[in-house]
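**Student:** Okay, here's what each chain looks like letter by letter:
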Amino acid sequence: MIILKNCFKRMLRSKLSLLLILVLPPLMISLLLGVGNNGTGYPNVGLVDQDESLLAKQLKEVLEDHASITMLQEEEINQALSGGRVSLVFELEKGFTEELINGNSPVLHSYKIQESNSIIPVQLAADAYVRAAKNLAIMAEGDTEVFYERLQLYQEGPLGLEIIQSNGVDGGIIERAIFSMGILGMNMLFLSMYSSIHLLKDRENRTFYRIQTSPLPQWNYLIQNIVGFLVIMLIQISGVFFILNFVLDLYLGVDVPALFGVMSVFAVVCVAFGVAVASLSRNKRQAGATASMLITPMAMLGGMLWPREIMPELFQHIGIFLPTTWLMDAVTHVVINGSIMAAAWEMSILILFSIVLFLLGSWRKVLIS
Amino acid sequence: MLLEMDQLVKRYHHDIVVDHLSLKIREGEIFGLLGPNGAGKTTTINMITGLSKIDQGSIKIFGQDLGINGKRIKEGIGLVPQEIALFDDLNAWENVAFFGGLYGLKGDLLKERVQRSLKFVGLDEHQKKFPKKFSGGMKRRLNIACAIVHQPKLIIMDEPTVGIDPQSRNHILESVRALNREGSTILYTSHYMEEIDAICSKIAIMDQGRIIAQGTSDELKKMISSEERILLTVSDISYSMTEEIKKLKGVIDCHTKGQEITILAKKDSALIGQISLIISNLGAEIHSLQVDKVTLESVFLTLTGKTLRDAE
Chain Z
1 MIILKNCFKR MLRSKLSLLL ILVLPPLMIS LLLGVGNNGT GYPNVGLVDQ
51 DESLLAKQLK EVLEDHASIT MLQEEEINQA LSGGRVSLVF ELEKGFTEEL
101 INGNSPVLHS YKIQESNSII PVQLAADAYV RAAKNLAIMA EGDTEVFYER
151 LQLYQEGPLG LEIIQSNGVD GGIIERAIFS MGILGMNMLF LSMYSSIHLL
201 KDRENRTFYR IQTSPLPQWN YLIQNIVGFL VIMLIQISGV FFILNFVLDL
251 YLGVDVPALF GVMSVFAVVC VAFGVAVASL SRNKRQAGAT ASMLITPMAM
301 LGGMLWPREI MPELFQHIGI FLPTTWLMDA VTHVVINGSI MAAAWEMSIL
351 ILFSIVLFLL GSWRKVLIS
Chain A
1001 MLLEMDQLVK RYHHDIVVDH LSLKIREGEI FGLLGPNGAG KTTTINMITG
1051 LSKIDQGSIK IFGQDLGING KRIKEGIGLV PQEIALFDDL NAWENVAFFG
1101 GLYGLKGDLL KERVQRSLKF VGLDEHQKKF PKKFSGGMKR RLNIACAIVH
1151 QPKLIIMDEP TVGIDPQSRN HILESVRALN REGSTILYTS HYMEEIDAIC
1201 SKIAIMDQGR IIAQGTSDEL KKMISSEERI LLTVSDISYS MTEEIKKLKG
1251 VIDCHTKGQE ITILAKKDSA LIGQISLIIS NLGAEIHSLQ VDKVTLESVF
1301 LTLTGKTLRD AE
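Sequence lines, in order, name chains Z and A.
The opening position of the first sequence corresponds to residue 1 in my numbering, with each subsequent residue numbered one higher.
The opening position of the second sequence corresponds to residue 1001 in my numbering, with each subsequent residue numbered one higher.
Heads up, a few of these hints could be off.
[What the hints assert, rightly or not] Capping the alpha-carbon separation at 20 Å, the derived lysine to any residue pairs in SDA-like fashion look like this:
| no. | chain 1 | residue 1 | chain 2 | residue 2 |
| --- | --- | --- | --- | --- |
| 1 | A | 1071 | Z | 220 |
| 2 | A | 1128 | A | 1075 |
| 3 | Z | 5 | A | 1281 |
| 4 | Z | 94 | Z | 77 |
To be clear, the hints were calculated from the coordinates, so they are not data collected in a lab.
All of these numbers come straight from a predicted model, not from anything done at the bench.
Please construct the entire structure, taking both the sequences and the accompanying hints into account.
**Tutor:** Next comes the structure, spelled out in structure tokens:
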């Protein structure tokens, strides 16, 4: 445990790291939320209902909790959007519900001219509702009656969207919770660079080689450091959650432990990222340059600083290959659905990212030896 | 034998860095390993400490095979690396305690050993200071304290006195003797012949990955006692001058550097006269002449054909 103790001692002794760990993330979040508070009003959303089913009616009810809904005909879409009557239009094609009940995956079309922060919760709510309906349809095995029964139960159930609304949570608050996690995630990535520098420092001051001459195996040295960095990152998450929840009084979704779980999985990715950068860099300067080259674009493309939807499609596709995108998706699902299971797929991808990054770190280590 | 290396080979790509090296060090010895840069000393040390893999041959330390009982063997070794290896963000006490902890020391025993090690190297009054506040000599001493805190049976010191003031050097040399008196066996490498001559009970000269001679300082000197080194400063050195000198009977080697001619030759009183004659016949003047007595430096020069400072 000597390496672990040493890791804590060295990292927590530095004022800079304490600033990076505990002060900077809540400070950034409160500053940016203060600036970004505008434009989260109640948006006007159009709905084209060619399906005319009970599901479409219920979807309208769900959307009404997030926006003012205007019923439109298909040919009115362009005019309504260009004239600024609505910011977003959803279109349910004829046979949408039938296809859904038959186990297919019909598409809920959405149209918009310009991205705005206010329509994101509406999109998220529609997306969550349709996804839930698809799952219920699969379970109903084509039985329309069973499907609607379960859909009703879902809407009334504790995990449904209703519970969020019954708490008086509006889209802007959800959006702010997601945004604050993005800022925290970006800070965690920067903290991971501190881990890289810590490992590289050991190499540069030759203590790493000296440790290798001791009876302690090299893998043990690495594991203890990884555990140390992980614990420090968990301290950061806990501290920031505490400040956001109790000091800034920011809503973090119905299931805060689930959100903590998602951020903890991302902490593993960050540590793996730090180890990989340390292994691939020759010195601290190179690691610093790598940090500035990678972290900011990762944060931007992953949707940590603004919604991914406002970026060109090409950038959105690139984002799929970044862990930050999957973190933001996981955070969104957990904040909206209030369950860690809603983000199971995204979390699996994050775990996969950490495995790849750890392997990358150890591959370079093999080359050195 | 405390340390036994048998037919040790280390290759880097196609280069043989350590070439079938065999060496034995007895318990209680201060063993000096001399050699120019690139001779393979550090690679040999790296193999002993487990930093480099052995390509061929074997190393036995404390009677155990390094390849089989590496972990246990490492517990009994302390390495003072050539470059200072300390944590800048830990103070002197914490640095020594960290390395003590790596060897399983804890609690009161660790505290006592750390205190003892710092006192041993004369840094007990500076234990709360950080290494960046230390002079080069103090850092070197702290480097030693970190290596001896677990009281190893074998201490390997790789150039521990490089770039320090005479006072710190004397302190370190005294420390080496004291550690040896307390029962530690020491493997000591240095570029400074006088250090090796002063403290080592046995010396091995290494060049191009091989041990080319070994024995006590006196034994090594006896190897070339029938030879002498003549140093001349001449006004005008020419190629034909050195060629003529080399042709003289009894001359083993002759090389020049600037205005200086260094001649290694069999002891012969008539030789100096013959050399003077050649120089004056070629129209040059002798400004100075010196006949060196046998030193470890001349032994090294005789065996490797280069001085240690040239090798640096």
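**Student:** Going through the earlier hints one by one, which of them does the structure break, listed in rising order?
**Tutor:** Numbers 2, 3 - these are the hints that the structure violates, sorted from lowest upward.
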